[in-house]
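Asks: The primary structure of each chain is shown beneath.
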Amino acid sequence: MKFGIIVFPGSNCDHDCYHAAKHVFGQEAEYIWHKETSLQGFDCIILPGGFSYGDYLRTGAIARFSPVVNEVIKFANRGGLVIGICNGFQILTEAGLLPGVLMRNKGLKFICKSIYVRVENNQTIFTKAYQKGQILNIPIAHADGNYFADKDTIKRLEDNNQIILRYSTEDGEITDDANPNGSLSNIAGIINAKGNIFGAMPHPERVCESILGGEDGRGIFEGILSLSS
Amino acid sequence: MKAKVYVTLKKGVLDPQGKAVGGALESMGYKEVKDLRIGKFIEIELNGSSKTETEKRLKEMCEKLLANTVVEDYRVEIE
Chain A
1 MKFGIIVFPG SNCDHDCYHA AKHVFGQEAE YIWHKETSLQ GFDCIILPGG FSYGDYLRTG
61 AIARFSPVVN EVIKFANRGG LVIGICNGFQ ILTEAGLLPG VLMRNKGLKF ICKSIYVRVE
121 NNQTIFTKAY QKGQILNIPI AHADGNYFAD KDTIKRLEDN NQIILRYSTE DGEITDDANP
181 NGSLSNIAGI INAKGNIFGA MPHPERVCES ILGGEDGRGI FEGILSLSS
Chain B
1 MKAKVYVTLK KGVLDPQGKA VGGALESMGY KEVKDLRIGK FIEIELNGSS KTETEKRLKE
61 MCEKLLANTV VEDYRVEIE
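First to last, the protein sequences are chains A and B. For the first sequence, our numbering begins at 1 and goes up steadily by one. For the second sequence, our numbering begins at 1 and goes up steadily by one.
A hint or two may mislead.
A few chain A residues that don't get close to chain B, going by computed Cβ distances all over 10 Å [to be verified]:
{"no.": "1", "residue": "Ile-73"}
{"no.": "2", "residue": "Thr-175"}
{"no.": "3", "residue": "Asn-192"}
Some chain B residues near chain A, calculated using beta-carbon distances under 7 Å [stated by the list, open to error]:
{"no.": "4", "residue": "Pro-16"}
{"no.": "5", "residue": "Val-70"}
{"no.": "6", "residue": "Val-71"}
If you're looking for bench data, these hints aren't it; they were derived computationally from the structure. Glycine is no exception: its CB is placed at the ideal position from the N, C-alpha and C atoms.
Excised from the complex, chain A in its bound form:
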């Protein structure tokens, strides 16, 4: 499988994603500069974390108009797999590929720590390697991860099982205390209705090897790779 990792000015988790795809999972992987206008030959596109365009105006707002994002939209509309992690998730919402918006954390602080999320739906390409209800220990690192959408959108996400990951306690309880940033419904990750675009604030690419502190992020890649085997 061939992964493409988009590099915006200010991306800083691109190397982690590349390392996970290429070295941990032994797949083909290439960086794609944001000025590129073709995504031919790629099976899965990752929009990595970071601070594209310095987070100016709003997170992801300017990156959304990078030339490559138009190609990502076309690629996604053709059914291609797209993952947005952290800043990548913010860009996907700004681009309208996923609903809602990631606002400033409720506590106003940048939060960099390991948290717990519960897998709410494992009937997706990205989460099929997990059990439903499985608790994952995954790091977050963001100042703007407070997921917001209007009531109708939240209801639609709930009804269609598009909420994939929720912030939880270590035991899997969905509580306010377990919610690090004020996200509505403890939302940490969602998927589009068609099931080929996944966005999440936690960083699975950072926990794919025990030497780096954990392996709970592996399932995301394993789910995708099961398509090609």
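For chain A, the structure is supplied; the task is to place chain B on it using the hints.
Replies: Okay, now just chain B, sitting in the frame of chain A:
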């Protein structure tokens, strides 16, 4: 032409930054502060002579980039 664009959070959208600043004013003794919300103010200088056309273009700029209409409202003033 010069335009002023005000981008503000929609009613009902939580503004933790505004809350913190409002709380700070209150703790400084400004007890009359009831609520405070923070928005953005953008000044734009533009070429063009038709106010109607400029207004239309500015609205587009707001919809596409300057505001995220999921959570923000905007208001444009042309000088």
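Asks: Each of the hints needs a verdict: does it hold here or not?
Replies: Structure-based check of each hint:
Listed as a non-interface residue, Ile-73/A keeps its Cβ farther than 10 Å from every Cβ of chain B; the least gap is roughly 14 Å. Its beta-carbon lying about 18 Å from the closest one in chain B, Thr-175/A satisfies the requirement of being farther than 10 Å from that chain. Residue placement check: Asn-192/A keeps its beta carbon more than 10 Å from all beta carbons of chain B (closest about 16 Å). The closest approach between the C-beta of Pro-16/B and any C-beta of chain A is roughly 5 Å, which is under the 7 Å cut-off, so the hint is satisfied.
Interface restraint check: Val-70/B against chain A, minimum CB-CB distance 5 Å, threshold 7 Å, status holds. Satisfaction of the interface hint for Val-71/B is found here, the shortest Cβ-Cβ separation to chain A being roughly 5 Å, below the 7 Å cut-off.
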